[in-house]
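Chains as they are written, first to last, in the numbering used here: chain A, 1 to 413; chain B, 1 to 93; chain C, 1 to 346.
Hints were generated in silico from the structure; no laboratory data involved.
Any given hint could turn out to be false.
[Said to hold, decoys possible] What follows is a list of derived Cβ distance ranges for each label pair:
#	chain 1	residue 1	chain 2	residue 2	range
1	B	A25	A	V130	30 to 40 Å
2	C	K30	B	Q22	40 to 50 Å
3	C	A246	A	D64	39 to 49 Å
4	A	L73	C	A246	18 to 28 Å
5	A	Q11	C	A246	26 to 36 Å
6	B	G41	C	D119	52 to 62 Å
7	C	I34	A	V130	22 to 32 Å
8	B	E2	C	A53	14 to 24 Å
9	A	S105	C	T289	18 to 28 Å
10	B	E26	C	P58	18 to 28 Å
11	A	M69	C	P338	53 to 63 Å
[To be verified] In silico DSSO-like cross-links for lysine-lysine, where the CA-CA straight-line distance does not exceed 27 Å:
#	chain 1	residue 1	chain 2	residue 2
12	B	K56	A	K226
13	A	K226	B	K69
14	C	K313	C	K30
15	B	K61	A	K58
Ideal placement from N, C-alpha and C gives every residue a C-beta, glycine not left out.
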Amino acid sequence: MNLSSNAPPLQPRRVVVTGAGIVTALGAGWAKNEEGFRAGRTAFRRVTLFDVSRQRVKMAAEADLPERMPATLLSPRQSARLDRASSLLLLASVEAWRQAGWEPSEEIPVVLGTTSGGMPLGEDYFRQAVRTPRLHRRQATRAFQYQAHSQGRIVLDALGLGGPATLISNACASGACAIGQAWEMVRGGGAEQVFAGGYDVLSQLVFAGFDALQALSPTRCRPFDKNRDGLAVGEGAAMLALETLNSARRRGAEILGEITGYAMTIDRHHLTQPHPEGNAALAAMSQACAAAGITPAEIDYVNAHGTGTPLNDGAEAAAINQWAGARAATLPVSSTKASVGHLLGGAGAVETVVCLMALRGQWLPPELALETPDPACRFPLVTRARDARLATALSNSFGFGGINATLIMRRWE
Amino acid sequence: MEITTALNLEIKQLLIENLMLQIRAEEIGDEQPLFGPQSIGLDSVDALQLVVALDKKYGLKIQDSDAAKQILQSVRTIAEAVVRHAANPGAAL
Amino acid sequence: MSRIFVSGYGAVSPAGWSAGELQRVLRDGKSPPIQPLDRPGWEKPLRTRAVPAPAARPSFLAHPRLRRSSAITHYAAGALLESLAGLRPDSSRHVGLIVCLQSGCVQYTYRFFEEVLADPATASPLLFPETVFAAPASHLAALLENTPLVTTLIGDPATFVQGLALGADWLRQNRVDIAVVVGSEEINWLRADALWHLEHGAIISGGAGAVALCREPEWSAGVELASVTKAQSYSARKSRMQAARAMREEFRMAENELLCDGLGDSPRTDAPEIAAWQDWTGPRLSPKTILGEGLMAAAAWQCVAACAAVAEKRFSSAIASLVGCNQQAMGVRFQACPGREKSDTL
Numbered sequence: 001m002n003l004s005s006n007a008p009p010l011q012p013r014r015v016v017v018t019g020a021g022i023v024t025a026l027g028a029g030w031a032k033n034e035e036g037f038r039a040g041r042t043a044f045r046r047v048t049l050f051d052v053s054r055q056r057v058k059m060a061a062e063a064d065l066p067e068r069m070p071a072t073l074l075s076p077r078q079s080a081r082l083d084r085a086s087s088l089l090l091l092a093s094v095e096a097w098r099q100a101g102w103e104p105s106e107e108i109p110v111v112l113g114t115t116s117g118g119m120p121l122g123e124d125y126f127r128q129a130v131r132t133p134r135l136h137r138r139q140a141t142r143a144f145q146y147q148a149h150s151q152g153r154i155v156l157d158a159l160g161l162g163g164p165a166t167l168i169s170n171a172c173a174s175g176a177c178a179i180g181q182a183w184e185m186v187r188g189g190g191a192e193q194v195f196a197g198g199y200d201v202l203s204q205l206v207f208a209g210f211d212a213l214q215a216l217s218p219t220r221c222r223p224f225d226k227n228r229d230g231l232a233v234g235e236g237a238a239m240l241a242l243e244t245l246n247s248a249r250r251r252g253a254e255i256l257g258e259i260t261g262y263a264m265t266i267d268r269h270h271l272t273q274p275h276p277e278g279n280a281a282l283a284a285m286s287q288a289c290a291a292a293g294i295t296p297a298e299i300d301y302v303n304a305h306g307t308g309t310p311l312n313d314g315a316e317a318a319a320i321n322q323w324a325g326a327r328a329a330t331l332p333v334s335s336t337k338a339s340v341g342h343l344l345g346g347a348g349a350v351e352t353v354v355c356l357m358a359l360r361g362q363w364l365p366p367e368l369a370l371e372t373p374d375p376a377c378r379f380p381l382v383t384r385a386r387d388a389r390l391a392t393a394l395s396n397s398f399g400f401g402g403i404n405a406t407l408i409m410r411r412w413e
Numbered sequence: 001m002e003i004t005t006a007l008n009l010e011i012k013q014l015l016i017e018n019l020m021l022q023i024r025a026e027e028i029g030d031e032q033p034l035f036g037p038q039s040i041g042l043d044s045v046d047a048l049q050l051v052v053a054l055d056k057k058y059g060l061k062i063q064d065s066d067a068a069k070q071i072l073q074s075v076r077t078i079a080e081a082v083v084r085h086a087a088n089p090g091a092a093l
Numbered sequence: 001m002s003r004i005f006v007s008g009y010g011a012v013s014p015a016g017w018s019a020g021e022l023q024r025v026l027r028d029g030k031s032p033p034i035q036p037l038d039r040p041g042w043e044k045p046l047r048t049r050a051v052p053a054p055a056a057r058p059s060f061l062a063h064p065r066l067r068r069s070s071a072i073t074h075y076a077a078g079a080l081l082e083s084l085a086g087l088r089p090d091s092s093r094h095v096g097l098i099v100c101l102q103s104g105c106v107q108y109t110y111r112f113f114e115e116v117l118a119d120p121a122t123a124s125p126l127l128f129p130e131t132v133f134a135a136p137a138s139h140l141a142a143l144l145e146n147t148p149l150v151t152t153l154i155g156d157p158a159t160f161v162q163g164l165a166l167g168a169d170w171l172r173q174n175r176v177d178i179a180v181v182v183g184s185e186e187i188n189w190l191r192a193d194a195l196w197h198l199e200h201g202a203i204i205s206g207g208a209g210a211v212a213l214c215r216e217p218e219w220s221a222g223v224e225l226a227s228v229t230k231a232q233s234y235s236a237r238k239s240r241m242q243a244a245r246a247m248r249e250e251f252r253m254a255e256n257e258l259l260c261d262g263l264g265d266s267p268r269t270d271a272p273e274i275a276a277w278q279d280w281t282g283p284r285l286s287p288k289t290i291l292g293e294g295l296m297a298a299a300a301w302q303c304v305a306a307c308a309a310v311a312e313k314r315f316s317s318a319i320a321s322l323v324g325c326n327q328q329a330m331g332v333r334f335q336a337c338p339g340r341e342k343s344d345t346l
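Only chain A is shown next, with the shape it has when bound in the complex (with noise of 0.2 Å):
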């Protein structure tokens, strides 16, 4: 029984991108980021949202919530408490919502990735209940607005969307996993139209385990530098509207860019770390391309999942090397984690619509912080702003615990 992980549906139907929306420490909106991510700016600072004094690393990529947020169907009670995950959700949400221009409905399943939720909540529930034992006032509310699936409600209410939803946690692939689960769904014939995304907001749980386990950098975050010296965290959310072809034809929708590949796999190596030689990853890139039908010659341009510590990046390079054989010498590959950081489950999401907005506007994201490429890297690293012609993209998301998720985008001329 010849049965591939990734078996094609019967006639699959092709899937584009009609809506995208964006928010990290570049600001909120396609436009600012595009901006950003074209320069190679990045967007670090001493982290304001919680105490890092005692924190061996003090810098993350936190955003900015605008003033007011934009209008949506919550109810003036569901707008007044929104926490800040749901607020960096919604802003993406409603920036692709808005240009997909789709309507209310019960039939547009939402699919999201995340790691941690509402995560600042928790640990609000975790002070109070400590602190104050007895004291129960806002910790039904927290308990309820700190699981994920109400940071979903949001997305469904502002939107006037009846789900379901369905919430995927696998570490920093959640957010590339969760668009990838929705590709297969419009693919499939399972759904006309499917809302899709990734987020995660900077919590001090999780920035500090990170810098217990000293991966955060103490310098500069230089994914695929010899010297490299640890991830950086960030913070923010990404939204894509995927539908059929022929929905977005009728619909007369502009058309983003097509998905036409993904893949997931399984690294049993290591709870934290990856196998050295990279194989799961690399099972990842050959069954995505499998599943979009090219070969690793036909991509131009490769979004490493490039973490910035010494592991990842030493892993995926293996990988990348092997996979792209003889187009490795020529593959322009970078990580954008060096300007915004590692948002974890919002990672895959916004990588996915970087490769978007450089399939779109023909350039090439770079990584100023790079000083000596890592002699590991039988690709060229994009450490310049540059134009360049470019038909496909690949972005990979390798996660804590093993979960490797590759997805493929092509232009839409």
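Dock chains B and C against the given chain A, drawing on the hints supplied.
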């Protein structure tokens, strides 16, 4: 303070408790490597945990990974570092 | 739509470390004892039903990957391995793994954050990776030989049925030979405190349940996944009451059918589900009134109890009704079909 079986045992219990090892103290040899082949199979996350545990229990501040590689080889090398630190707490490791 | 069958099931609960123990306690209707759970700062303890220590230490706990994992992974591993008991270890079958959680790894999350607030410089690095929602699935994948697809879904208890639907899709798309859906939860006082704030009457419990699905009728345990309802999401368009009713209405009446509902110890929380099934006159089982509020684990116990009722030929079909606390309502029906002999292995 010098290296005694009591100190070695105390360090073994620290290993078991902090690293959630499923073995008894007497199953860990004083000289047995903690990492790598024929060792008790610890990894880099265990190493980081050990650094924190030794700081909490003995005030031993292991600053960088090279020092950690030397000190965390076996129960005996840890005991030696604890004794050295007890002798002159200020000295860098 | 090609048919999907149940090849096995497993459970770890306050009744013990097997689906058999779960069945025995549910049939006797005798609740395992309620134990006090100290709540710092309160005189009155919270109430819980805990998973008893296993009679003998399960062999899978010796796996190096489980050394640093917390109870939620141990429970999930127990249920998972029981549900795959018919699968030979050397089998070349591709297994898809879907782990469903609501609270998740609360034990280490609590301990780690407590240490961070005390002093970030000495917060235990070993605890943090185990606080991540994806940790249990990562460990379970390491226990099995061949898991090309693994994912973790989070949400309220109805998410377990979303997992069953996703597993069925993977099987229909020929991406795996067996799809196992595991629901698991662990207890600590902070999670019990949060539940108390949402449902004062609830008695918190922990454990896990697993249902293994397959395509080949000859591997079935005498149970078929007959139907899964739409996921009825709560939103501004549909209240929890309306969603529960809409879910119930997807099930036509059937003869000799058992209803495994999600009623527990909180009438206010259970009101929509009570209303939705008001017209049910057939036999009925409410595992949570016996085992406590296990959230995603309780959802799994309801499905395992429904599967067992059919597999043991006590009923020709059984429904598990999941009216989740704050996300969605979803139901699933299992029905009888010819099963493989107990001794056959896959």
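Of all the hints numbered above, which does this structure not satisfy? Sort the numbers upward. 2, 6, 8, 9 and 12
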